[in-house]
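One-letter residues, chain by chain:
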Amino acid sequence: MMGPVTFLKELNFSARIGLFIVCCMAFCGIFAPWLAPYSESQIVGDVWEPIGGKFIFGTDQIGRDILTRLIFGARNTIALALLSTTVAFLAGALLGFIAATMGGVTDQVLCRLVDVCISIPTLIASLIFLSALGTAVTTLVLVIGIIYTMPVFRIARAVAMDIEVMDYIEAARLRGENLWWVMHKEILPNALTPLAAEFGLRFCFVFLLISSLSFLGLGLQPPLADWGAMVRGNADGIAWGFLHSLLPAACIAILTIGINLLIDRWVHKASGLRDDQ
Amino acid sequence: MNNTLPIIILKRLTMGLFILFGVSILITVGVEALAGDVCSAVLGQAASPETVAACQAQLGLNQPVYVRYLDWLFNVVQGDFGTSLANKREVSELLSKRMGNTFYLATAAAIFAVPLGIFLGVVAALYRNSALDHAISSSTLAAISSPEFFVGYILMAIFAVSNNWFPAISDVESAAGFWSRLYVSALPIMTLTLVTVAHMMRMTRASIVNLLASPYIEMAKLKGMKPSRIIIKHALPNAWAPIIQVVVLNLGYMVVGCVVIEVVFVYPGLGALTVESVMLRDLPIVQGTAMVFATVYVVLFLVADILSMLANPRLRYRK
Chain A
973 MMGPVTFLKE
983 LNFSARIGLF
993 IVCCMAFCGI
1003 FAPWLAPYSE
1013 SQIVGDVWEP
1023 IGGKFIFGTD
1033 QIGRDILTRL
1043 IFGARNTIAL
1053 ALLSTTVAFL
1063 AGALLGFIAA
1073 TMGGVTDQVL
1083 CRLVDVCISI
1093 PTLIASLIFL
1103 SALGTAVTTL
1113 VLVIGIIYTM
1123 PVFRIARAVA
1133 MDIEVMDYIE
1143 AARLRGENLW
1153 WVMHKEILPN
1163 ALTPLAAEFG
1173 LRFCFVFLLI
1183 SSLSFLGLGL
1193 QPPLADWGAM
1203 VRGNADGIAW
1213 GFLHSLLPAA
1223 CIAILTIGIN
1233 LLIDRWVHKA
1243 SGLRDDQ
Chain B
31 MNNTLPIIIL
41 KRLTMGLFIL
51 FGVSILITVG
61 VEALAGDVCS
71 AVLGQAASPE
81 TVAACQAQLG
91 LNQPVYVRYL
101 DWLFNVVQGD
111 FGTSLANKRE
121 VSELLSKRMG
131 NTFYLATAAA
141 IFAVPLGIFL
151 GVVAALYRNS
161 ALDHAISSST
171 LAAISSPEFF
181 VGYILMAIFA
191 VSNNWFPAIS
201 DVESAAGFWS
211 RLYVSALPIM
221 TLTLVTVAHM
231 MRMTRASIVN
241 LLASPYIEMA
251 KLKGMKPSRI
261 IIKHALPNAW
271 APIIQVVVLN
281 LGYMVVGCVV
291 IEVVFVYPGL
301 GALTVESVML
311 RDLPIVQGTA
321 MVFATVYVVL
331 FLVADILSML
341 ANPRLRYRK
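If you're matching them up, the sequences are chains A and B in order.
Take the position in the first sequence, starting the count at 1, then add 972; the result is the number in our numbering.
Take the position in the second sequence, starting the count at 1, then add 30; the result is the number in our numbering.
For the record, the hints were derived by calculation from the structure and aren't laboratory data.
Computed from a predicted model, the values in this text were never measured in an experiment.
Built from N, CA and C at the ideal position, the CB exists for glycine as well.
Do not rely on the hints blindly, as some may be mistaken.
Stated by the list, open to error - One-sided and incomplete, this derived list gives chain A residues near chain B with beta-carbon spacing under 8 Å:
| # | residue |
| --- | --- |
| 1 | Ala1144 |
| 2 | Leu1180 |
| 3 | Leu1218 |
| 4 | Ala1225 |
To be verified - For each label pair, taking beta carbons as the anchor points, the in silico distance ranges come out as:
| # | chain 1 | residue 1 | chain 2 | residue 2 | range |
| --- | --- | --- | --- | --- | --- |
| 5 | B | Glu120 | A | Trp1152 | 51 to 57 Å |
| 6 | A | Thr1107 | B | Leu103 | 28 to 34 Å |
| 7 | A | Gly1075 | B | Arg119 | 46 to 52 Å |
| 8 | A | Asn984 | B | Ser169 | 16 to 22 Å |
| 9 | B | Glu123 | A | Ile1028 | 50 to 56 Å |
| 10 | B | Thr81 | A | Gly1024 | 28 to 34 Å |
| 11 | A | Asn984 | B | Pro343 | 36 to 42 Å |
| 12 | A | Ser1011 | B | Glu120 | 48 to 54 Å |
| 13 | A | Val977 | B | Lys263 | 48 to 54 Å |
| 14 | B | Arg119 | A | Arg1237 | 52 to 58 Å |
As the list claims (entries may be wrong) - Going by beta-carbon spacing under 7 Å, a handful of chain B positions derived as facing chain A:
| # | residue |
| --- | --- |
| 15 | Leu64 |
| 16 | Pro94 |
| 17 | Ala173 |
| 18 | Ser175 |
| 19 | Ser176 |
| 20 | Phe179 |
| 21 | Tyr183 |
| 22 | Leu185 |
| 23 | Ala187 |
| 24 | Val289 |
| 25 | Tyr327 |
| 26 | Val328 |
| 27 | Ala334 |
Construct the entire structure; sequences and hints are all you get.
Printed below as a string of structure tokens:
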């Protein structure tokens, strides 16, 4: 493992910008209650007060401070996306490794199941299951996590398949190590780098999905601040020329760009595509 | 030999059918969960147990799940998706109308997006790491990182609010004639085009760069071949397969990307219908729309597979 300074030196210019954006957003999220000027759902002024007045970013459709909502939104939306992606990776990687190491019928059954699940567009599947099961935070995390388990399974399986054929795996098997040992001590350490890059990429997808869902009214429920839901709540203002509602959408875009910039090189390496630089 | 092309295609088609069958089961499970106590929800607290029971009998909710599923499947195969719970209209009629609107949107956007996306991707790949490539790549990165509603609302703010050029709400129903229809749906088409061009450009660039880094291209370069000839004679024949993949995958993405865009512009398409009926718990419509979306996905993936096998014989024997 390399230290933080070497890590920083390794990054190119755009990756450093990405890192900066991600750190800023994470900082806002973690220290939200101390940074925000007001409390999360406090009504502080008139409806749709303009940007740059008493409130830096104005107020929303029922008079809450938008800056405060943005800061708390960072905390809620990012935490939700992070949890869902983690669930997807734990389940997906485990199943993918199992499929790759066991092979045979297990592999076939899992693959065909995933083929089926992946054929329902993620947004449609999450719309149906979330409106059926409700939008409690645990349900949100589990439903989105399970939906994204499918693509993660495919990647984890493909990565593990490449490692599976190595000599040291065969040596471990000949030593009589069990399945768990092979997955945990032999495959996992070697699969970690490509999977980490993939984690960043999937996080972006999950993040955008969650934003779309809460824009459609199926994400975190009010009074919790959430970037997608903030856009939905303030959308009527656009017709009147109040562009506040685009601020949270811009935050979503900025964070996604930041992550993309940060992980670009690793994703590129992990994708196996050649580049003649 | 059991690996001739028609047999491979036939195998893929059967596989596609099986997947659709699985999908229909999965969707039924979801809709089943969504059903909950739909009758008491519709009839309200005051309904007597008898009326609830009568309503359940009418919807067939008193029958076991598999009986209802098989009934539904049997009817769907014959083109009957049942009747809507909310307004008692034929679901198939509603679906085909909304599907027409969504396909109109997707097709119109595809006409602009496919050539533009591929062109930008190829240009960026050929002149990679130039200022032009950086400009194209960073603007498309911004576009793929933005949620669809962000792009949609920005366009709305520019073209419908600040300047009154296009309507903010796509009232397709009352638009008669080709031009007025194009006019009312201009903003959703633009939004979808922008988002898809970005995806397509990035995928095209990645696969062309990958191709140009192949040893045989380097060989051709070392032989002193003209760059234009390398592209046409060596790169292009192998580029078709990835380009077809990119186009078809993005067409699938377009049909689904419509959902949010349709909601933003109140465009009466399949996506908006799905969102509405999920909220209203109009189960037959939810089941129908979800099935249509999944079928579009499965069919497009199949087409992508088959077309790239036709374009690149080596893919036929990959296992």
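Evaluated hints:
1. Ala1144: violated, 26 Å
2. Leu1180: Leu1180 (chain A) check passes; min Cβ-Cβ to chain B is 6 Å, inside 8 Å.
3. Leu1218: holds, 6 Å
4. Ala1225: holds, 4 Å
5. B:Glu120 with A:Trp1152: 51 to 57 Å: holds, 54 Å
6. A:Thr1107 with B:Leu103: 28 to 34 Å: Because 30 Å falls inside the window, the suggested range holds.
7. A:Gly1075 with B:Arg119: 46 to 52 Å: holds, 50 Å
8. A:Asn984 with B:Ser169: 16 to 22 Å: Cβ of Asn984 (chain A) to Cβ of Ser169 (chain B): about 19 Å, so the range 16 to 22 Å holds.
9. B:Glu123 with A:Ile1028: 50 to 56 Å: Holds, at about 52 Å.
10. B:Thr81 with A:Gly1024: 28 to 34 Å: Given range 28 to 34 Å: violated, Cβ gap about 58 Å.
11. A:Asn984 with B:Pro343: 36 to 42 Å: holds, 39 Å
12. A:Ser1011 with B:Glu120: 48 to 54 Å: holds, 51 Å
13. A:Val977 with B:Lys263: 48 to 54 Å: holds, 49 Å
14. B:Arg119 with A:Arg1237: 52 to 58 Å: Because 54 Å falls inside the window, the suggested range holds.
15. Leu64: holds, 4 Å
16. Pro94: Given a least distance of 19 Å, the restraint on Pro94 (chain B) is violated.
17. Ala173: It is violated, given that the least Cβ distance between Ala173 (chain B) and chain A is near 9 Å, above 7 Å.
18. Ser175: holds, 4 Å
19. Ser176: holds, 4 Å
20. Phe179: holds, 5 Å
21. Tyr183: Status holds, d = 6 Å.
22. Leu185: Status violated, d = 11 Å.
23. Ala187: holds, 6 Å
24. Val289: Holds, because the Cβ-Cβ distance from Val289 (chain B) to chain A comes to roughly 6 Å (cut-off 7 Å).
25. Tyr327: With a closest approach of 5 Å, the Tyr327 (chain B) hint holds.
26. Val328: This interface hint holds because 5 Å falls under the 7 Å limit.
27. Ala334: Given a least distance of 13 Å, the restraint on Ala334 (chain B) is violated.
Checked against the numbered hints given earlier, the structure breaks hints 1, 10, 16, 17, 22, 27 and satisfies all the rest.
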